[in-house]
Amino acid sequence: EPEVTQTPSHQVTQMGQEVILRCVPISNHLYFYWYRQILGQKVEFLVSFYNNEISEKSEIFDDQFSVERPDGSNFTLKIRSTKLEDSAMYFCASSGSLAGSYEQYFGPGTRLTVT
Amino acid sequence: GQSLEQPSEVTAVEGAIVQINCTYQTSGFYGLSWYQQHDGGAPTFLSYNALDGLEETGRFSSFLSRSDSYGYLLLQELQMKDSASYFCAVRTILTGGGNKLTFGTGTQLKVEL
Chain A
9 EPEVTQTPSH QVTQMGQEVI LRCVPISNHL YFYWYRQILG QKVEFLVSFY
59 NNEISEKSEI FDDQFSVERP DGSNFTLKIR STKLEDSAMY FCASSGSLAG
109 SYEQYFGPGT RLTVT
Chain B
-6 GQSLEQPSEV TAVEGAIVQI NCTYQTSGFY GLSWYQQHDG GAPTFLSYNA
44 LDGLEETGRF SSFLSRSDSY GYLLLQELQM KDSASYFCAV RTILTGGGNK
94 LTFGTGTQLK VEL
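These protein sequence lines map, in sequence, to chains A and B. Just so we're on the same page, the working numbering is the position in the first sequence counted from 1, plus 8. Note that the working numbering gives residue 4 to position 11 of the second sequence, counting from 1, and the numbers run on in steps of one.
Hints listed in this document are in silico derivations from the structure and should not be mistaken for laboratory results. Predicted model only: the values in this text are computed from it and were never measured. All C-beta atoms in this analysis are idealised placements derived from N, C-alpha and C, irrespective of residue type, glycine included. Misleading hints may appear alongside valid ones.
Claimed, not checked - Think about it this way: if two alpha-carbon atoms lie no more than 27 Å apart in a straight line, the pair counts; the simulated DSS-like pairs of lysine-lysine are:
id	chain 1	residue 1	chain 2	residue 2
1	B	Lys103	A	Lys50
2	A	Lys50	B	Lys74
3	A	Lys65	A	Lys91
4	A	Lys86	A	Lys65
5	B	Lys74	B	Lys103
6	A	Lys91	A	Lys50
Claimed, not checked - Listed below are several chain B residues computed to face chain A (Cβ distance under 7 Å; list not exhaustive):
id	residue
7	Ala35
8	Pro36
9	Phe38
10	Leu87
11	Gly89
12	Lys93
13	Phe96
14	Thr98
15	Gly99
Work out the full structure: start from the sequences and follow the hints.
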């Protein structure tokens, strides 16, 4: 069964450093998303991406964040200058195929620890 | 804005039936999804309701009442492996394409022998 993959599984970085989280969505999906989950809290929407542009972003997704689909398979989230409060689990998700399914399928996540 | 309320914790015994409720206040409501999450794992899609009524998928069923802004997830024949967090999530359609999930606070289900 096709699945969303994410790398790395765990990333430790120092405050102020840039990090890039990588995702490979399900191959025939059209819509891509990033969510985050701070330990013990709910999953929060960050951004959605379709047709090579952002279709919506949340208040959390400020100028420090950016997303990119550099090729036909990868989808990345960049945090330009990490802060302690960016420590969280980051989930990539994808949805939508030619069959029209809108269910979102989540990857296993990247645990980001900012020290 | 969006807000979703769920009980924080539910405990039940193996083999029993449990219902997890979700009430929501939202704009642009399109449907209600349910996800399961084991500790440290990814949210896994369980069920979705766009219209009022009951949807059944194996041991899991989900119900929606749009007029009451209320839904629930019903888990039957509970197994130990069902111990996890369960999230309801409102789905809204994005004008730019795709949809957005706004998650509830989650219900920790503990299944005991």
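For each hint, the structure was consulted:
1. B:Lys103 with A:Lys50: Between lysine 103 of chain B and lysine 50 of chain A the Cα gap is close to 18 Å, so the pair holds against 27 Å.
2. A:Lys50 with B:Lys74: Holds. Lysine 50 of chain A to lysine 74 of chain B sits at ~21 Å (cutoff 27 Å).
3. A:Lys65 with A:Lys91: This hinted pair holds, its Cα atoms lying about 19 Å apart.
4. A:Lys86 with A:Lys65: holds (14 Å)
5. B:Lys74 with B:Lys103: holds (10 Å)
6. A:Lys91 with A:Lys50: holds (20 Å)
7. Ala35: holds (4 Å)
8. Pro36: holds (5 Å)
9. Phe38: Since the shortest Cβ distance to chain A is 5 Å, the answer is holds.
10. Leu87: Since the shortest Cβ distance to chain A is 5 Å, the answer is holds.
11. Gly89: At about 3 Å, which falls below the 7 Å cut-off, the nearest Cβ of chain A leaves the hint on glycine 89 of chain B intact, so it holds.
12. Lys93: It holds, given that the least Cβ distance between lysine 93 of chain B and chain A is near 5 Å, below 7 Å.
13. Phe96: holds (4 Å)
14. Thr98: With a closest approach of 5 Å, the threonine 98 of chain B hint holds.
15. Gly99: holds (6 Å)
Of the numbered hints listed earlier, not one is contradicted by the structure.
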